[in-house]
Structures are given as C-alpha cells and as structure tokens.
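K.L.:
Protein chains in written order, with the numbering used here: chain A, 1 to 334; chain B, 1001 to 1502.
Everything labelled a hint here was simulated from the structure, so no lab data went into it. The beta carbon of each residue, even a glycine, is placed where N, CA and C say it ideally should be. A few of these clues could be false.
To be verified - Computed list of chain B residues with no C-beta within reach of chain A, every gap over 12 Å: (1) Ala-1015; (2) Asp-1097; (3) Leu-1122; (4) Ser-1268; (5) Leu-1290; (6) Asn-1369.
Unchecked claim - Examples of chain B residues toward chain A, derived with CB under 10 Å: (7) Gln-1165; (8) Phe-1185; (9) Val-1187; (10) Asp-1326; (11) Ala-1327; (12) Thr-1341; (13) Asp-1342; (14) Gly-1343; (15) Leu-1346; (16) Leu-1348; (17) Asp-1352; (18) Val-1357; (19) Gly-1370.
Unchecked claim - Here are the computed lysine-lysine pairs in the DSS-like style, where the Cα-Cα straight-line distance is at most 30 Å: (20) A/Lys-15 / B/Lys-1022; (21) B/Lys-1364 / B/Lys-1022; (22) A/Lys-19 / B/Lys-1204; (23) B/Lys-1387 / A/Lys-19; (24) B/Lys-1340 / B/Lys-1383; (25) B/Lys-1025 / B/Lys-1204.
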Amino acid sequence: MLDSSVEPSGAGIGKFLNKAAHWLLHTQEGVLFFIVAAIWLFLTIQSPVFFTGRNIGVLLSQVSMTAITAVGMTILLISGEIDASVGSMQAFVGVVVMSVLNSSANLALGILVGLAIGVAVGLINSLISLRLGINSLIATLAMLSIVRGAAFGFTEASIQNTHKIPAFTEIGNGFFLGVPWPIIFFFAVFLIFYFVLSRTTFGRFVHAVGANPEAATLAGIPVRLVKLAGFVLTGVLASFSAIILLSRLNSGQNGIGAGFELEAIGAVLLGGTSLSGGEGSMVGTFLAVLLLGTLKNGIVLLDINSSWQVAVTGLIIIIAVLLDARRRRRLGQD
Amino acid sequence: MFSSQQPLLQLTGIAKEFPGTKALKGVDFSLYAGEVHALIGENGAGKSTLIKIIAGLYQQDAGTIAVEGVTVDFHSPADSLAHRIKVVYQELDLVPDLSIAENVFLGNLPKKALRAVDWQALYSKTSELLLDLGLHIDPQVPISALTVAQQQLVEIARALSRQAQIIIMDEPTSALSQTEIESLFAVIRRLQGRGVGLMYVSHKLDEIYAIADRVTVFRDGEHIATEAVADTQHSDLVTWMVGREVKDLYPRSPAVRGPALLEVDSVSGGNIENFSLNVHAGEIVAVFGLMGSGVHNVGRLIFGNMPRSGSVRLGGEVIHANAPMDAIRKGLGFLTENRKTDGLLLPLSVKDNITLVSVNNYAKLMVINGQEERRATTGIIDKLSIKTPGIAQKIRYLSGGNQQKSLIGRWLLEDLQVLMFAEPTRGIDVGSKAEIYRLMDDMAHQGMGILVLSTELPEVMGIADRIIVMRQGKSVGRWVAREEANEQDLMTAATVQMEKVI
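In isolation and in its complexed conformation, chain B is listed as follows (with noise of 0.2 Å):
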C-alpha cells in the first residue's frame, strides 16, 4: 500500500558486533509515513541494539541509515533527533524532579531576550500538546507524581515538541493496565493521521494485531520476515521468532500435592494487610493483581525484604522478617521482577551471576573451588540452554532472556523448598517463556512448591493450580485454577473497585 512513496526510513544491511556476539548480521528495515510498523523478536534477536544504532547511540558496523532518501550518518543522539526521530524507551528517560512542561522541551527551552526562559510559552506550549494527547494535566506538576503511562505520554509529547516524523516505541505497553493501552493505541492512530511513522517494539502479538499495519521479524540478528499483519497468522509470527513451532506454551501437567511448605500467616507490610497463604509440595500458586496492587510485595514481605508483621514459616521453621539471608538459608529463594535493579550483577560474569548464592557451597574457608565452580555454572548454562559465548562473558552482553535464566539458574543451584517468582517471564520472548513455565512444571513435580506473583492473567490462568487475586494490597479472590477460574471474573475482581475510584 505505501510501495509507490519514499520510506522515511530505510536501513539497509545493518551489521552490529559486540565482543562474543553479532547482534546484528546485515537486517533492512523501512518504516513509512503514516505508518505503524511492528518489529518482533525473541530476546537477543537484535532489537534493542537496531533502535540504539537508530537513537544514534551506537554506530553500526555495516550498513546504510536513510532518512527520506538520503543516506545520514548518526555519531550521537542528537543527531539522530536533528533529523526528527525520536525513541520511547521502556525505561523512560524523563527527569523526575523538573516539571512536565521542562522535560517536554528539555534542551530546547522557549527563550526570551537574553537567553531568560519564557516560562509562559513553556507551559501554554506544553498544555496544547498534553491536550492534544488526551492528557488533562497541569504542566508544573513534577514527572516523579504522574503514572507510568502518563510518563510516557509526556516522552511522546517531548517527540511532538520537537516536530518528530519518526517515533519508535520499545516495549510501550509493559507497564501499563488494559485501559491505559487502550488510550495509548488511540494517541498512537492519532499520530498515525498526521503522517507520523511509528516503528513499534513488542513482545505482545495481540498488541500487534491491535496497531500495527506492517510487521517484521528478526531472529538471532537475522531478518526473517515483513509482512503486512492483515496476511499473517498468529502461528507464523511464532515460528518465524522462535525458529520451530511452540506447541504447548503452558505444559503444566498437575502433580502430587504433599505437604504444606510455605505458609503465610496475616502478613501486613507496605500497602499490604491481613495477606495470607499456603503453597504445598508439588503445587504451583499464583497471585494475581494489576500494576500497584501490591502483588510484588508479597514476595518482599514473605522473603524478609521488607518490614513485615505476621507470621511466615517454611517447612514449620519460622522464616524472620528483614532476613533474606535467614528465608535462603531455610530454602526459600525469590525472583524478583526488576531483572537490572534487584538482580543482576552486571559488571560480574555470568558465571558469577549464576553462582552468587551458591558460591558457598563450592568453597573451603572461604576459598573457591574454581573447577567446582565452572561445572555446576555449565550444568545450568546447559539445562537451561543459556546462549553465551563462554561462562567469563559479562553478563550485561547476553539479551534480557539469556539474563533472565542465568537469574533463574542462580536459584536452581540452591538445596530449595519454595521458590518464589515475580514476573517470572516479563521482556521474554515466546519461546523463553515456554522453557521457564516446563521448569516451574517439573520443579514441582520433583515436590517443590512454586509461588508465581504476576500481573499478566494468561500466564497466571496457564501455569497455576490455585489462584489469588489482590486488589490494593488486599486479597480479594481464590480459585481453583482449570476448574473454577476464567479470565473475566479474575480480571473483575482486579480491576472493580478500581474503576469505580477513577
């Protein structure tokens, strides 16, 4: 449908090495105006490392960037925005503690006679923007007090302000609920009228199906597909990131319920009261709730991370509150949600990463048994299929699934009864996610109890056997998963008492 205009952004051959791996071997990549373009992969398959070369944060190998036919060449971030591109990062880059209307037009302040900032413009200018998007705010309110998706819809009015024809959004929707997607997708059709292009990263294919007019995929630094999405299957889309097809996504084949191993006994901490539960041998259970119902902080509470009244015990051993050292020792471990801030090591190896808890047990007097050591590191870099070019890679060169399992692997290494997983699968492609829910499947199976804390409802509706759904730091809800348990009634008692405060 666009064949007969000029891209506004063409790549063409775009080669990417860093040391120990090709991120990218040679990818095109079009985007054109008025255009919604999905770009998927599994993790490692290059995306991340194609939207830097894009911001101009790194500079490709091999391969030509053009911009409405002509060939440009990025050595920074600025230029890259000279030429009116603009990212959305999934971690977004606003300055918390100026106001809206400052980060809207950071570094291109409107100026009055001498330099002097015209605050008046700055905030009418920022008003007609936020409006523009939907977003009834006062430009003077500080980042650090908006929501998530208002953040970034402050990112994409930063765009606007600076008149961008390219907008590429990576991961827009991992933080957001149902109806900020909702109201997300129509600031992005609206940008869409007005000529803009927008390359669109995900992991989520509904979303795709919901937005996005083209569709490319990218496997292991390769270009596998474009496609327009109207002419393609769901499967397709999966077996061209995954390389084969994924037939059971969720393999959890019930097992043998033994005893209690953990259990939580009126926990109240942070915003969460009165919480309470078991998890047996053998069982898988899930709590439930949206972004800010406190779903995470169960795991933080019950782990001692966080102060805590209440009563937590595993395997009748009392568990003490601000002791996760205590919870390990005892055999709960705990996976928390924040990959980069609560888990990984990233200037260590991932060998180091992977033993962190470990490394005791490989050692006499404090001294490591280096051989000890690499072989229980390979076992789990084998069994969990890690790609890594070698155990002394740093672990910040492997994409988020390969970090993901390495955490995972570190847990795997321990002697545990219970162990806790937040958002086990979240920036993780299709086919790590079936890897890492058949894991949890024969964990229990070998009578474990496994906890799962996520706020993505097919994962919990999939792999659990009960279900508990939280609303503002309350539990509000139990199920017995595949009998009893629906995705509407589990997304009721989510999200009702929500919506009527809102």
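Bound conformation, chain A alone (with noise of 0.2 Å):
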C-alpha cells in the first residue's frame, strides 16, 4: 500500500526523473524555474553583460533586501497572517540605526537596536491581530502609516554617515571570498528558516495554525504564540533588510521603502504560498524573488525606460493570484 524505500537502481532513476518533470510541469515552483530558466536563456541572448559574473551579483544584492523580508513573510503568510507594515520599516530602522551609530561609533550597538525596532513592531503587529483581533492586513496597514508617521517624526531630514565604521559600509558593498556579502545574507537566512519550516516542530506548527486554528488548538499546539513568533520573525528580518539598505545607500532616508511590502508580499505570494494559509513554499519565494530580480536587471539591461521597474511588482502580484486561483480550481476547493 505504501510506497516501498528499497528500490532496485534502475526504477530509482526512472522514478526521479519521474517526479522532476512532475515538479516541472505540475507545481508552482516547477512552473516558476521554468519562467526564470527561460528568461535567463532569453537575456544571455540578447545581452552579453546579462550572464556575467558582476552582473548576477548585482541582480542578487539587488533583491537580497527583498528575500531576506519575504522570508519571514512567507511563514507569517503560512501561520495565516500577514505584515504589511515591512516597507516603512525599511526608513524608521534605516534613521534610527544611523543616528545610533552616528552618536556611538558602535556598531553592534547599532545593529542591535535596528533588530530590536523589528522585535518591537512584530510585538505589536502581533498584539493588534491576536489580541485584539484586528485582522492582521488591516493591523499593518495601520502600522505601515504609524511607523512611516515615526520614520518623518524621528527626522525631517537624511541622517547622513558621520561616524565613518569601516565594517558598516562592508554589510551592504563588501565581499567575503568574492561573493557579495549581501547575497552571502540572503542565502543563509533562506537556508536557515527553510530548514526551521520543513524540519522543525516550529514549522510543522505555523503549517498547523495556517490550515485550521481550531484543529491546532484542540491538538494542543499554542496557537497564538506560534503566530506572535511569526510576527516578530517577520519584523527582525524586515530590520534586517534595513539594515543592508542602509549600508548600500549610506544615508537613513525618512521616506525610503514605500511599496517594498508589496514587492515582499508579492514575491511569497507568487512562490505558491496561499493567502488563506496553512501550505507554501520557501523555494516558491526564492523563485519568485529571483524572477522578480531577473525583470528589474533585465529592464536594465534592454535600455527600456528604468519607470517600468516599479510596474514590475503590480505584474508579479497579479501572476501570482491568477496561479493561486487555478491551483485552488485545480484541487476542487472553491
């Protein structure tokens, strides 16, 4: 009845090529390695920068702020929640880490209060939606206003970079054996939290609170804490991205970041994680991250009019709904 693990050599092969064209042709992430490889075949073609060595370490830094936020977003999204609140995050950290650092000259002080601004906000993200049971896209939304409200209250100006720390600018255009240290970021934040949600209790956990809340509490798993975790996962890592913006631009803006929660939320939602929670995909995310990359890099790359960038996202979203709407047709559930 079930699937036997022994396996003679010859049906294993079989069987793997079996399941790679399943996954090709029949998942989201399948369907999405397909696009980007394609667009990757299309832009190598047409432009001799495009699969070069510096230029996919400029599409990759490039999106790395993206990632890092989406995937915290992606189990936010599985445990059934959401935090629209990620993109004035970008600004409030963004000044409040570089005025710390401009009056300290410490660097991991720095850094620890951008982390505990995204432990603070996901706090309260979670505190609105729980406790108080406002829905959690209503709550951020509110709290994308508070905390852009903050971002202006805190400077009218840019907080440009006084202090000068070396290892600071490093974070965001340095290089460790050659790779950028903000794709080094981004690829261990994505293997970590793949791992905490494919193997860990944790994940198994937010897939549980996603798909029927009632069921995990009466299966006795603390579901409000696993969200609140979720939130505040979500709100270090949208820190942590500040931070790397930061360290590119080099100057805390009060009004950088608008539509970022978007580009995050559009990303996770286009990697096959479902908006009525409880299944989804980080390699989705990372796929669809990457694809959204590939079209920014490569609006650049064909000289087309670099205003469709922003555009770029709208798109993004509106594939990715369609792609949830005829998988959910697909599984009958509608």
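Two chains, two frames, a set of hints: combine them into the complex.
P.N.:
Rendered as structure tokens:
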C-alpha cells in the first residue's frame, strides 16, 4: 500500500525523472523555475553582459533585501497572518540605526537597536492582530502608516553617515571570498529558514495554525504563540533588510521603502504560498524573488525605461494571484 | 417497473481519477421519473465524486451523461442547473444572512421594470413553495434563524423554484432528529408523486428500506449491484458494500474495571448545567442525547476548549479549564464530532495530520527525526488499515472514513489515559465502523477509559458499558448497558421534555 523505500536502482532513476517532470510541470515551483530559466536564457542571448559574474552579483544583491523579508513573510503567511508594515520599517530602522551609529560609533549597538525595533514592531503587530482581534492585513496597514509617521517624526531630513565605521559600509557593499555580503546573508537566511520550516516542530506548527487554528488548538498547539513568533520573525528580518539597505545607501532616509511591502508579499504569493494559510513554499519564494530581480535587471540591460521597474511588482502580484486561483480550481476547493 | 420508460438521467461508464486514486472506474447509474434510487457504498466508494460530476463541479475523464436520452456535457454547475438538476449537499450552501426567500430565488429573483427586484412576488412565490413542503414560516426570516432540517427544506424549495426534475440528496438525514426525518420522507414522497426523480445517497440502510425503490451499491469506485429494494436483504447490502460479511458490528467484551481515571464533578458551561461523570479504566461510558442536547459540549468542557466551572480530574490530577494543552499533557485525548472544522488540516499530508499531537516525541531541540516520524505514521496506517497511496498524500484526497481513521490515529500515538470520542463514526461506512468499535474495545482492554459522546442510539447501545442520557444540557438518566438499558427508555428520556416544548 505504501511506497517502498527500497527500489532497484534502474527504477530509482526512472522514478526520479518522473518526479522531476511532475515537479516542473505541475507545481508552482516548477513553473517558476521554468519561467526564470527561460528568461535567463533569453537575456543571455540578448545581452552579452547578463550572464557575467558581476551582473549576477548585482542582480542578487539588489533583491537580497526583498528576499530576506520575504523569508519571514513566507512563514507568517503560512501561519495565516500577514505583515504590511515592513515597507515603512525600511525607513524607520534606517534613520534610527544611522543616528545611533553616529552618536555611539558602535556598530554592534546600532545593529542591536535595529533588530530590537523589529522585535518591538512584530510584538505590536501581533498584539493588535491576535489580542485585539483586528485582521492582520488591516492592523499592519495601519502600522505601515504609523511607522512611516515615526520615521518622519524622528528626522525631517536624511541622516548622513558621520561615524565612518568601515565595517558598516561592508555590510551592503563588501565581498567575502568574492561573493557580495548581501548575497551571503540572503542565502544563509534562506537556508536556515528553509530548514526551520520543513524540519522542525515550529515549522510544522506554523503550517498547522494556518491550515486550521481550531484543530491546532485542540491538538494542544499554542496557536497565538506560534503566530506571534511569525510576526516577530518577520519584524526582525525586515529590520535586517533595512540595515543592509542602509549600508548600501549610506544614509538614513525617512521616505525609503515605499512599495517594499508589496514586493515582499507579492514574491511570497508568486512562490505559491497560499493567502488563506496552511501551505506555502520557501523554494517558491526564492524562485519568485529571483524572477523579480531578473525582470528588473532585464529592464535595465535591455534599455527599457527604468520607471517600469516599479510596475513589475504589480505584474508579479497579478500573476501570483492568477496562479493561486488556478491551483485552487484544480484542487476543487472553490 | 420503469423499464419501458426512458430514464431522466443515465450515466454510463463514468470514470474519474485524482492524483494517486481512481475515484470512479467506469460506473453506471440511471434514474427514472417518480423514482427514489438510493446510492450506497462505503467511504471512498466514489459516491461524492459521482455527485460532483452530476452537479458539474468535476468533469468525468470518461463516460457519458444523458438527460432524457440526450447526451450532455457539464462544464460548470450552471450547465447542470440548466438541465433542471439540483443537488442538496450535506453541508448546505445557503447564505446565512439573507432571507429564506432570497436564498430560494438566489440568482433567479423575480424582476419588475428596470431590473428591480419584485419583492412582493418573491415573498408570495416563496410562501407557496414553503407551504407546499409543509413549512409554515415567514419567507423574510433569515436562514441563520432556522434549524438544519428547515434549512434543508429551503434547499428543496430552491430546487422546486427552478422546476428541478432531478434532485440529488447527499446524506440528508445526518443532522436530523427522528421526527424531522419523518417529515423529510413525507416531502420526498410528495415530490416522487409529481414525477421528480430522486437520487438518495446515504449510509443508513434503514432509511433505504423506508424510502427507496431501487438501490445501487458502489465499492472502491466500481458498480457492484443495482436491485429493487424490495428484493434485497439487509445483509446483501452490507456484503456488497464491504465486500465481505460483517458479522459483529459491536464487538464489545467487558474488560476488568479499574480505578476511576476521569472524574468530572458538577461541570457547567455553555448550555450544560451541573454535569458529573466518572470513567474508569477498562470502561466505555457513553453520553447520549439528541442534536442540540449539548452532548458534544460535554467533551469541549472537559477538554478545556470551552469556558467552564466545576472540576475535572484525570488520574487524580486537576485538568485546568481553557487549556487543551494541559489536558493532553496529562493524558486526555478528544476526537471532535466535526472532522472538517475541528480536526483535519486539509492542506497538509496524511503524515502531518497523524503526527500533529505527537510530533514533539520525534523531535530533539525542535528538529524532527524524519525517519522516526515516518515509522510512527506507517505503524498507524497499517494498524488502522488507512487507505492512502502514501504518507505524503494530502489528506484532503482521502475518503471520509480514512480521514476519520487518521484523526483517531493521531491520538493513538500519544500515551493516553482516557480518550473521548464525539460521534466516532459519523459519516462512516459499516466496515470502518466495526473497525473503530473494535479499536475502542481494544483500548478499554488495555486499561484505558473511553468516553463516547453520541447522538446515535444503536451505537451507544452497542458499545457502551454505562450510558448517561442528556436532555437540554442536563443529565436525565443513567443506565448500566446490556442489563437495564433498552432503546425505548433511552429515547424517551432523551426526547420527552422536548416534545412537550414543541
């Protein structure tokens, strides 16, 4: 009745190819992989610059911030909640961290303050959503405004880098063994949380509370605590993104990050994570972020008016929702 | 008796495959005007899939559908409705906040000039339809104010408003009381007299003898038999459904009664007042009551999933209110009456569903040992003979009976003292039923205490050692099963007050 784990090796290869074909054609990850590969091939033919180490480095560095936030957002969406406040976090964390660095000249302190803001905002988001019972989309949209207001209240102009700590500039612009640091952060965060989501009890509980909170409660899972952890994690990772962005811009700007929340959420949805909770894919998010970066990069390389870069986000969200609806129909859930 | 006519509905060689399962393997089904044709089969036999194909929700992979001799192609529920086919689902699809009239004519509202709704016509037409069904209710009342039985009649009124000639009823009586069932049958007979063809899908064999002309049996997606009900024996039907003879539905053999494990002392909450009971090791205790008596809430109160006063102890230790986690840790399990809303994680795999409660046991520092988890899952699948193509299969693709077994399996992986079963066999076929009862018996023999919360009298009579009857949130009588209890007394205790109120 069950798949036997021992297979003759010949059948094993056939089975593997079968599985690979199924993945490519029938899963959202597979479809995304196919699209990304096709666009990469197209751009490689169209532009001699595209498939060079330097350009791929630029492409991946540019999406690293969206990617890191999207990792947290994937977990949060699977748990059945959402955080729209991550856009304003990019500004607020930026201005506060830069001013802390300027006054203390202590890198560790600056980063800690930044991450602490992430924890705090995550806690406030979960308080409003889980305790007060306000739908998390509404709650965090409100927080999007509040945090933006806080950034404007904190400073009227941009805060320039007067501390000149060399290691700070390295975070967003430096290399380690020839690989840009943002890419290393991106991959590390992705791998860690891929593991957390698929191999730990926390990851299992995240799926359970998103799929059916009532059933999860009756199975003894602390539903609110799991969701709270999702909010805090998203807040912290959004702060991490903000610190990388701050280092790349080398100044704290109170207006930065507008639309960032849509990019992050759009990527997660495009990756096949369900808006209704309970299912999602970290690999899908990774591929979706890659697609986003590739489209933006392609627009520049092919000399298309760069204002269209912003429109790409909207396009991605529409494709994401269409794919989600298609999958639902196939499962007969409607 | 109908052979000279042309069937209203003729399905031929219908096949349908889902990822990992062949739900239907080329089945036939015909329905004549004025006929009640019952479709029975175990869970996973393919009944629901067939209904969904007729309703236009799924498209068949092979086979043809003919309505009055003309082959049709259904691409959506609208196509099916256009051929005057109406499905009354087990989970009714009414809009709770709209009025009865709006629901009956939903998508079909009578209009005046400028496409404005003709409210007067709407209400008078609805009243007519309702009266026709013996329902004396103001058509402006919202659906949410009706009982399930009344809502079902509204669904039927909806069918009549569209001049349905083919009505399909999916487990229509699963949430109805005996009197409500009687009045539903009266409505069915009236429809029958008007030449409507009714397909009646059910698990309850008694009902088939009461209402159906012909019966068709499916098993594992295959057509097994179609016979006139008058020519079939009860035992034939069971054998066809299960594929073997079910000798002993209730295998209860009394075990050694040990010390009290679960002690519930004057618990109140919800509609329950001052409820007390004990469950001893080796014992199966049942609480019986009709729908609305609060029998299921007893489980929620004890488990701590509903605010309560009073005390609950398990093996001498206090179980805190409002904390299912605490109850589980101390060795209490609770299988709720509603699989879909309180039990299943539909987007997740069979494995993840089975190990939901016990997953911590296979983890160190939160990291799950995949091999151990798989082994535990396979053990449960084998023990309960859960039919699934693999442990990674999404549980939504399993049949109701196999889903229910998976939920029971969830608790078997925990080291429990007492397991509470609310409606352990709701919507489950005879074969699985017997297996679940045998499992309860085994658990009792291993020294566990079992508490059954049920609205099914035969089940309570068949499996319990002691029976408590509830009416309107209060316990109204206690019996030692087998020696003192008889169906008559229990039913009277459960209903008598209610009849007076009505």
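K.L.:
Which of the numbered hints are not met once you compare them with the structure shown?
P.N.:
Numbers 6, 7, 8, 9, 21 and 22, in rising order.
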